[in-house]
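Trainee: Residues per chain are reported as follows:
There are 2 protein chains.
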Amino acid sequence: MSQRPPASVGQHIEQVDTPALILELDAFEKNLDILNNSVANRVRVRAHAKTHKCPEIAKRQIAAGAVGVCCQKVSEAEALVEGGIQDVLVSNEIVGARKIKCLAALSQRARIGVCVDNSENLKQIATTGARLDTYIELEVGMRRCGVAPGAPALALAREIVNSPNLRFAGLHAYHGRAQHVRSIADRKASISEAADAVRSTKALFKQNGIDCPIVTGAGSGTFMFEVESGAWDEIQPGSYIFMDADYARNEWAAPLPRFEHALFVLATVMSRPSPQVAIVDAGLKASSVDSGMPTVWGKQGLTYTHASDEHGWVEGPQPPALGDKLLLVPGHCDPTVNLYDWYVCVRRGTVEHLWPITARGALY
Amino acid sequence: MSQRPPASVGQHIEQVDTPALILELDAFEKNLDILNNSVANRVRVRAHAKTHKCPEIAKRQIAAGAVGVCCQKVSEAEALVEGGIQDVLVSNEIVGARKIKCLAALSQRARIGVCVDNSENLKQIATTGARLDTYIELEVGMRRCGVAPGAPALALAREIVNSPNLRFAGLHAYHGRAQHVRSIADRKASISEAADAVRSTKALFKQNGIDCPIVTGAGSGTFMFEVESGAWDEIQPGSYIFMDADYARNEWAAPLPRFEHALFVLATVMSRPSPQVAIVDAGLKASSVDSGMPTVWGKQGLTYTHASDEHGWVEGPQPPALGDKLLLVPGHCDPTVNLYDWYVCVRRGTVEHLWPITARGALY
Chain A
4 MSQRPPASVG
14 QHIEQVDTPA
24 LILELDAFEK
34 NLDILNNSVA
44 NRVRVRAHAK
54 THKCPEIAKR
64 QIAAGAVGVC
74 CQKVSEAEAL
84 VEGGIQDVLV
94 SNEIVGARKI
104 KCLAALSQRA
114 RIGVCVDNSE
124 NLKQIATTGA
134 RLDTYIELEV
144 GMRRCGVAPG
154 APALALAREI
164 VNSPNLRFAG
174 LHAYHGRAQH
184 VRSIADRKAS
194 ISEAADAVRS
204 TKALFKQNGI
214 DCPIVTGAGS
224 GTFMFEVESG
234 AWDEIQPGSY
244 IFMDADYARN
254 EWAAPLPRFE
264 HALFVLATVM
274 SRPSPQVAIV
284 DAGLKASSVD
294 SGMPTVWGKQ
304 GLTYTHASDE
314 HGWVEGPQPP
324 ALGDKLLLVP
334 GHCDPTVNLY
344 DWYVCVRRGT
354 VEHLWPITAR
364 GALY
Chain B
4 MSQRPPASVG
14 QHIEQVDTPA
24 LILELDAFEK
34 NLDILNNSVA
44 NRVRVRAHAK
54 THKCPEIAKR
64 QIAAGAVGVC
74 CQKVSEAEAL
84 VEGGIQDVLV
94 SNEIVGARKI
104 KCLAALSQRA
114 RIGVCVDNSE
124 NLKQIATTGA
134 RLDTYIELEV
144 GMRRCGVAPG
154 APALALAREI
164 VNSPNLRFAG
174 LHAYHGRAQH
184 VRSIADRKAS
194 ISEAADAVRS
204 TKALFKQNGI
214 DCPIVTGAGS
224 GTFMFEVESG
234 AWDEIQPGSY
244 IFMDADYARN
254 EWAAPLPRFE
264 HALFVLATVM
274 SRPSPQVAIV
284 DAGLKASSVD
294 SGMPTVWGKQ
304 GLTYTHASDE
314 HGWVEGPQPP
324 ALGDKLLLVP
334 GHCDPTVNLY
344 DWYVCVRRGT
354 VEHLWPITAR
364 GALY
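Going down the list, the protein sequences come from chains A and B. Going by the numbering used here, the first sequence opens with residue 4, and the numbers climb by one from there. Going by the numbering used here, the second sequence opens with residue 4, and the numbers climb by one from there.
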């Protein structure tokens with residue numbers, strides 16, 4: 004079920020078969036630097052690997068200063084550990100006997116963290132005897148998983164502290180809904196409210212003699228607000244390495260840096276049905292459309308207007324010719340990466356590496 | 004990059020890890036029969052394998068009477084031929100030197116067809132010397148690829164007939180936009196117009212001494228209109244084996260049969276943040292949302308309201324409990340299948356087969 008790479012190292016980008024997932028290495032490395040310079044060691048960085056699903060990228064994030072990575076699924080964490088990553092937080096609840104067994108087995112091979120928001124689930128995890136860093140997921144505006152700040156969080160913290168094998172690692176406080184709010188003022192206000200919930204919960208823990216070692220959370224759209232609040236010890240940005248078209252639609256201003264587009268889908272014009280329309284060979288199986296269509300990179304006046312499964316419509320006054328290749332910026336990087344087996348890593352037009360996306364399809 | 008199967012043969016469906024792609028074998032086999040009974044040998048069936056990407060399913064479609072399959076990509080066709088399928092039409096234009104070379108190589112191993120809509124592309128294919136069944140893609144309402152009916156199609160047909168190695172196989176006339184038009188009367192009207200375009204083009208070919216062996220096209224939402232028009236020799240339904248939530252929103256009435264839901268995503272409740280909300284572990288990386296959210300199967304009053312990458316919100320007055328499993332009907336079957344490595348084939352609650360989705364991710 005793995006596909007062959009669409010290119011060979013040393014080829015020119017024009018020779019790469021399409022659709023292909025292109026990682027522009029100069030922009031990727033610049034994005035690693037931009038993050039480090041912005042954060043300037045004020046918090047720990049634990050990069051989110053759900054975005055890239057690739058040990059080669061995780062290694063470079065760690066080399067650039069990250070303490071480890073987050074994953075969203077146990078099988079994703081397995082692929083990262085298999086690829087040599089030694090510190091992985093599964094920033095999600097893990098429910099179900101088979102998954103919990105895999106999580107426990109993985110904790111024999113690497114430092115593994117997990118989130119909980121339910122006492123029954125916590126007991127099932129505790130009975131494995133696994134040494135796990137256990138975080139309480141705090142509801143801070145995402146309205147998804149998580150327990151309410153205050154007393155419900157305290158009750159769960161007591162249970163973790165009293166579980167002999169588990170280590171209470173702290174709070175997971177991620178406001179996912181804030182990341183794509185367009186106005187920077189609105190994003191700041193959302194994180195300010197989340198910070199209040201974090202502070203009051205930490206204070207309650209302290210009053211009750213419970214130490215909260217780490218507060219972790221934050222994404223690429225807000226992380227400097229978490230840093231500046233002083234309420235977080237660790238941030239989890241994922242998309243910053245790639246920048247997708249949807250993130251580009253956000254307002255960006257200090258203190259948040261604007262990252263560069265580093266991830267592209269290379270497509271070929273496969274039909275020219277009319278003077279203003281080019282059909283490309285990258286549709287919604289090549290670039291996820293859940294957060295809007297991809298944009299056309301570096302070509303004024305061209306719009307990718309809609310997609311079918313294997314086709315995209317690129318329209319404008321001067322569309323490219325049959326056989327021409329185009330770079331598209333995906334609407335949403337995470338689910339787009341999940342459609343591919345390989346990053347074709349390009350520097351100044353030449354393929355420098357082929358990195359396997361080993362956690363592609365890691366759903367369990 | 005391939006994931007391990009989420010189940011073993013003989014397990015009960017409750018033991019299957021999630022998210023998993025479930026194929027209900029009784030419903031799948033019934034759908035094969037429904038199609039055959041409807042068509043009753045009035046046309047050939049060439050099932051579209053872009054829907055399922057799986058040689059095991061293709062073999063069963065052929066055993067049920069199909070003459071072969073369609074694919075949308077050369078690499079998809081390679082996976083099907085590798086799995087033992089001997090007659091594959093790539094129902095798409097193939098543009099680019101590497102793809103054309105692979106197509107030519109594949110024609111040494113099986114009977115392969117391809118579509119063209121451009122003279123320059125046709126010449127590139129012809130120079131490979133490959134023996135290919137070559138179809139002209141006719142624009143009949145899809146407004147995607149394809150040449151206009153009449154004189155443009157005739158010019159291209161002449162070129163194919165004059166290419167020594169290529170065999171002119173006929174017309175590919177697929178009205179994709181008609182498939183999901185809700186009203187059955189509107190779908191019928193669209194196919195009636197497409198049939199006029201097919202007939203006039205065939206008549207022009209005949210006046211010019213060009214035989215048109217096959218007219219192929221049609222999808223699950225319209226195929227009986229193509230059959231009844233008498234203008235098509237072969238139909239290409241794909242989704243009929245699965246029936247997704249978007250197809251279920253169509254109006255269905257004679258002469259079109261209504262197929263049964265046979266494809267599901269099995270999900271687990273991973274959090275219960277509030278009395279009316281259950282969060283499941285299947286988000287948009289587990290069930291494609293391009294044609295709407297999945298629906299909840301067999302549970303009155305529950306709605307899957309929205310998705311993030313790895314989470315889904317199931318809401319209603321009595322949501323399932325933490326750890327409960329749910330079956331979801333995907334919004335759109337084709338891109339959902341493309342997210343998985345395995346079909347977990349279930350009959351009356353027991354896992355009977357695990358079929359690999361060998362063309363998963365076959366983008367080239």
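Because the hints were derived from the structure by calculation, they are not lab data. If you're wondering where the values come from, they're calculated on a predicted model, not measured in any experiment. Where hints are given, some of them may not hold.
No copy labels: a pair is met if it fits in one copy or bridges any two.
Below 30 Å or equal to it, Euclidean Cα-Cα: the simulated DSS-like pairs (lysine-lysine) are [said to hold, decoys possible]:
#, residue 1, residue 2
1, K328, K209
2, K209, K104
3, K62, K209
4, K191, K328
5, K209, K33
6, K191, K126
7, K328, K104
8, K302, K33
9, K209, K126
10, K302, K126
11, K33, K191
12, K302, K191
13, K104, K33
14, K33, K328
15, K62, K126
16, K302, K209
17, K33, K126
18, K328, K126
19, K62, K33
20, K104, K191
21, K62, K302
Trainee: Are the hints correct? Go through all of them and say.
Mentor: Each hint, compared with the structure:
1. In the homo-oligomer, the alpha carbons of K328 and K209 never lie at most 30 Å apart, since the shortest distance is 59 Å inside one protomer and 38 Å across protomers.
2. Taking CA atoms no more than 30 Å apart as the test, K209 paired with K104 passes in neither setting, with 33 Å inside one copy and 68 Å between copies.
3. In this assembly of identical chains, K62 and K209 lie within 30 Å of each other by CA distance neither inside one copy nor across copies; the values are 36 Å within and 64 Å between.
4. For the identical chains of this complex, K191 and K328 are neighbours neither inside a copy (40 Å) nor across copies (38 Å), given an alpha-carbon limit of 30 Å.
5. When the C-alpha separation of K209 and K33 is checked against a cutoff of 30 Å, the pair qualifies neither within a copy, at 40 Å, nor between copies, at 62 Å.
6. Within a single copy, K191 and K126 get their C-alpha atoms no closer than 37 Å, and across copies no closer than 58 Å, so neither meets the 30 Å cut-off.
7. Taking the shortest Cα distances, K328 and K104 sit within 30 Å of each other only across copies (18 Å), while inside one copy they are farther apart (47 Å).
8. Taking the closest pair of Cα atoms, K302 and K33 come within 30 Å of each other only inside a single copy of the chain (23 Å); across copies the shortest separation is 50 Å, beyond that limit.
9. In this homomeric assembly, K209 and K126 come within 30 Å of each other (Cα to Cα) only inside a single copy, at 24 Å, whereas the closest approach across copies is 76 Å.
10. Taking identical chains as interchangeable, the C-alpha atoms of K302 and K126 lie at most 30 Å apart only when they sit on different chains, with a minimum of 29 Å there against 56 Å within one chain.
11. When the C-alpha separation of K33 and K191 is checked against a cutoff of 30 Å, the pair qualifies only within one copy, where the shortest distance is 25 Å, while the shortest distance between copies is 55 Å.
12. Proximity of K302 and K191 under a CA criterion of 30 Å is satisfied in neither setting, with 33 Å inside one chain copy and 40 Å between copies.
13. In this assembly of identical chains, the alpha carbons of K104 and K33 never lie at most 30 Å apart, being 39 Å within a copy and 38 Å across copies at closest.
14. Taking the shortest Cα distances, K33 and K328 sit within 30 Å of each other inside one copy (25 Å), while across copies they are farther apart (44 Å).
15. Neither within a single protomer nor between protomers do K62 and K126 lie at most 30 Å apart by alpha-carbon distance, with minima of 33 Å and 47 Å respectively.
16. In the homo-oligomer, the alpha carbons of K302 and K209 never lie at most 30 Å apart, since the shortest distance is 56 Å inside one protomer and 44 Å across protomers.
17. Within a single copy, K33 and K126 get their C-alpha atoms no closer than 44 Å, and across copies no closer than 44 Å, so neither meets the 30 Å cut-off.
18. Taking CA atoms no more than 30 Å apart as the test, K328 paired with K126 passes between copies only; the shortest distance there is 20 Å, against 54 Å inside one copy.
19. For a Cα distance limit of 30 Å, the shortest separation of K62 from K33 inside one copy, 16 Å, qualifies, whereas the shortest one across copies, 50 Å, does not.
20. For a Cα distance limit of 30 Å, the shortest separation of K104 from K191 qualifies neither inside one copy, at 39 Å, nor across copies, at 54 Å.
21. For a Cα distance limit of 30 Å, the shortest separation of K62 from K302 qualifies neither inside one copy, at 34 Å, nor across copies, at 45 Å.
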